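Whenever a hint applies, use it, and build me the whole structure from the sequences.
As a plain string of letters, each chain reads:
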Amino acid sequence: MTARLTPLWTFVAWLATLAFFAPVAWMVLTSFHQEADAATNPPSPLAPFTFDQYETLFSRDITPFLLNSAMASVISTLLVLALAVPAAYALSIKPVEKWTDVMFFFLSTKFLPAIAALLPVYLIVKDAGMLDNVWTLIVLYTAMNLPIAVWMMRSFLAEVPKEILEAAEVDGANLLTVLWRVVAPIALPGLAATSLICFIFSWNEFMFAVNLTATQASTAPVFLVGFITNEGLFLARLCAAATLVSLPVLIAGFAAQDKLVRGLSLGAVK
Amino acid sequence: MTTLTTPPRTAPPPAGPRTPSGVDKWRRRIPLLPALIFTIVVTQLPFVATLVISTFRWNILRPGERHFTGLSNYTFVFTDERLRTAVLNTVVLTASVVLISVLLGLGLAVLLDRRFPGRGLARTMLIAPFLVMPVAASLLWKHAIYNPDYGLLNGTLNTLYRFFGADHGPTVDWVSTYPMPAVVVSLVWQWTPFMMLIILAGLQAQPGDVLEAARVDGASAMATFRHITLPHLRQYLELGILLGTIYVVQTFDAVYTITQGGPGSRTTNLPYEIYLTMFRKYEYGEAAAAGVVVVLGSIVIATFALRTIASLFRQEVSR
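Chains as they are written, first to last, in this note's numbering: chain A, 1385 to 1654; chain B, 2 to 320.
These aren't lab readings, by the way, just hints derived from the structure by calculation.
No experiment lies behind these values; they were computed from the predicted model shown.
Even glycine gets a Cβ: it sits at the ideal position worked out from N, Cα and C.
Just to be clear, a hint being listed does not mean it is correct.
Stated by the list, open to error - One side only, chain A facing chain B, incomplete, derived with CB under 7 Å:
#, residue
1, Arg1388
2, Ala1397
3, Leu1399
4, Phe1405
5, Trp1410
6, Pro1426
7, Ser1428
8, Leu1467
9, Pro1470
10, Tyr1473
11, Leu1496
12, Val1505
13, Leu1530
14, Ala1552
15, Leu1619
16, Pro1632
What the hints assert, rightly or not - Each computed DSS-like pair below joins lysine-lysine, with the alpha-carbon atoms no more than 25 Å apart:
#, chain 1, residue 1, chain 2, residue 2
17, A, Lys1643, A, Lys1546
18, B, Lys26, A, Lys1482
19, A, Lys1546, B, Lys26
20, A, Lys1546, A, Lys1482
21, A, Lys1510, B, Lys26
22, B, Lys26, A, Lys1478
Stated by the list, open to error - To be clear about the criterion: a stretch of chain B counts as covered by chain A if any three or more of its residues have a C-beta under 8 Å from a C-beta of chain A, and this derived list gives those stretches:
#, region
23, 45-57
24, 78-91
25, 191-203
26, 228-235
27, 246-254
28, 289-296
29, 306-315
So, in structure tokens, the structure goes:
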């Protein structure tokens, strides 16, 4: 039985929650204000609502950036799943020899700082004429998320009961039937959680995006920083842009709330 | 209810009853190969290239001068004042962000582990900072919160001062006066939810009967926390610290956006310094050598991280 908080501690808990949430609330609120009401001191939270900032964003071509982001994150996530699911199968249900070593090899690549790979990646991509190309980002994001996906999917597939698999094999059920009837029902929620995590990480990625793209393939975070330097500062519009680009991840994250910690800890914590 | 790993049993890890034949071995390996080959090609080859480039004197502003110089880039890396500052800044930044967010995350997790009105909503709201795009969050902090003229921070102070009868609140330029704390606070805000989630999972995996027994035996809440909860949480805290360290060491977005490493090089961390060496000084050889040094540093942290994850992992596998 979980204990209850006393009213005093409930107050403290809510105070802390509101303090953490305040910047997000302020961002969303400001995005619905006019510029003149956004940059005031003292702040004017009760200024009239307007959708002007969002209209301006779309008329100022945020759309191609959002499309690039969507393409890079969705395609890389699909590629990650196509590579990670079979690999996770070979690491759990029908494990290869020394499968734990393979797991830790995947994990160790995640610990190498991406910045150290930037220079060679930049040189190779430049030589191949692939600078400013969304597919470059897709390949990099696939590599970036593959270890996370392998670890997560393995931890889900490991939950498939061995006894049922063996029983099905003894009964002579073929591989596809086993996959469809026994493995899929357990693995599908894991698959959904894994894709949301991969989507979040690629959607938010900035370092490769800002250094490897120029005009054609730039993603949403690059739009955000470019926006400041190009137009001077428009606080309300900046908040609208920040809200807009964060929205897909906020939705994905809230949807995957229960599985978020499992993905972030690479499946180590459930 | 979340579950972690049950205590290890003595059963050996699952292995086939018979040693598989050669053909079967390869049949098992086939699904693994695409992922393995892709990972090796995309993540390992660039590091080999970095190692090679780090032995060259190579500045693209002086073409034709590219030549092998052995380890002289490393001599430069270890003696350069800017790089030493960057190493120090990286340590300060990472240590403060990770420690503060672990402590805040622990506090929040302890509160959220109990029932109170609106707990589900509070949890959802607390995750939000981690989900806001990091670049967007950094811009938000820099312009909407820290701005000396109309930022939320000075604006709130101003409102409070006026409420208590003063003419005007202080006008602090937060980013130039306190550059490092400004970066740290924005990152703590982003990473606290991450720590909270991991620690909360740990709290909820506590065996209820032990806590119940402690209560029946009349142990105080404080004693229960110190002697039962904290030891149980140890591996979760370790995991949070190590994963947090690995991610925060790589911080690029926040430095790039909030301070551009300045004023001077007071907030330049290693990733940002390597970026500057590469795309502002065009010293490819030096950038590569600095990259190799960062990799070596990361391997040290990663070794500890891998050990912690391996122990959690072994417990799970041996179930």
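Cross-check of the supplied hints:
For arginine 1388 (chain A), the interface hint holds, since its Cβ comes within 7 Å of a Cβ in chain B; the closest pair sits about 5 Å apart. A cut of 7 Å between beta carbons decides the hint on alanine 1397 (chain A): the least distance to chain B is about 4 Å, and the hint holds. The beta carbon of leucine 1399 (chain A) is not positioned within 7 Å of any beta carbon in chain B (closest approach about 10 Å), and the interface hint is therefore violated. Because the smallest distance between the Cβ of phenylalanine 1405 (chain A) and any Cβ of chain B comes to about 4 Å, under 7 Å, the interface hint for this residue holds.
Because the smallest distance between the Cβ of tryptophan 1410 (chain A) and any Cβ of chain B comes to about 6 Å, under 7 Å, the interface hint for this residue holds. At about 4 Å, the closest approach between the beta carbon of proline 1426 (chain A) and any beta carbon in chain B falls short of 7 Å, and the interface hint on this residue holds. With 7 Å as the threshold, the beta carbon of serine 1428 (chain A) stays out of range of chain B, its nearest partner Cβ sitting at about 9 Å, so the hint is violated. Nearest Cβ of chain B to the Cβ of leucine 1467 (chain A): about 4 Å, under the 7 Å cut. The hint holds.
Taking 7 Å as the C-beta cut-off, the interface hint given for proline 1470 (chain A) holds, the closest approach to chain B being about 3 Å. Among the interface hints, the one on tyrosine 1473 (chain A) holds; its C-beta lies about 5 Å from the nearest C-beta in chain B, closer than the 7 Å criterion. Satisfaction of the interface hint for leucine 1496 (chain A) is found here, the shortest Cβ-Cβ separation to chain B being roughly 6 Å, below the 7 Å cut-off. About 5 Å separates the beta-carbon of valine 1505 (chain A) from the nearest beta-carbon of chain B, less than 7 Å, and the hint is met.
Residue-level restraint check for leucine 1530 (chain A) holds (minimum Cβ-Cβ distance to chain B is 6 Å; threshold 7 Å). This hint is violated: alanine 1552 (chain A) has a C-beta 16 Å from the nearest C-beta of chain B, more than the 7 Å allowed. Restraint check, leucine 1619 (chain A) versus chain B: the minimum CB separation of about 6 Å is within 7 Å; hint holds. The beta carbon of proline 1632 (chain A) is not positioned within 7 Å of any beta carbon in chain B (closest approach about 9 Å), and the interface hint is therefore violated.
The hinted pair formed by lysine 1643 (chain A) and lysine 1546 (chain A) meets the criterion: a straight-line CA distance of about 23 Å does not exceed 25 Å. A C-alpha spacing of about 11 Å is found between lysine 26 (chain B) and lysine 1482 (chain A), which places the hinted pair at or below 25 Å, so the restraint holds. For the proposed pair lysine 1546 (chain A) and lysine 26 (chain B), the alpha carbon gap of about 19 Å is at most 25 Å, so the pair holds. For the hint linking lysine 1546 (chain A) to lysine 1482 (chain A), the alpha-carbon distance of about 19 Å falls within 25 Å, and the restraint holds.
The hinted pair formed by lysine 1510 (chain A) and lysine 26 (chain B) fails the criterion: a straight-line CA distance of about 40 Å is larger than 25 Å. Restraint check for lysine 26 (chain B) and lysine 1478 (chain A): satisfied, since their Cα atoms lie roughly 10 Å apart, inside the 25 Å limit. With a cut-off of 8 Å between beta carbons, the region 45-57 of chain B has 7 residues touching chain A; three or more are needed, and the interface restraint holds. Counting residues of the region 78-91 of chain B whose C-beta lies closer than 8 Å to any C-beta of chain A gives 0; at least three are required, and the coverage claim is violated.
Look at the region 191-203 of chain B against chain A: 8 of its residues bring a Cβ nearer than 8 Å to a Cβ of that chain, three or more, so the hint holds. Against chain A, the region 228-235 of chain B contributes 0 residues with a C-beta closer than 8 Å to a partner C-beta. That does not satisfy the three-residue criterion, and the hint is violated. Closer than 8 Å: that is the beta-carbon criterion, and the region 246-254 of chain B has 5 residues meeting it against chain A, so the requirement of 3 holds. As drawn, the region 289-296 of chain B meets chain A at 5 residues by the rule of a beta-carbon pair under 8 Å; at three or more, the given contact holds.
Beta-carbon proximity to chain A at under 8 Å applies to 6 residues in the region 306-315 of chain B; the threshold of 3 is reached and the given coverage holds.
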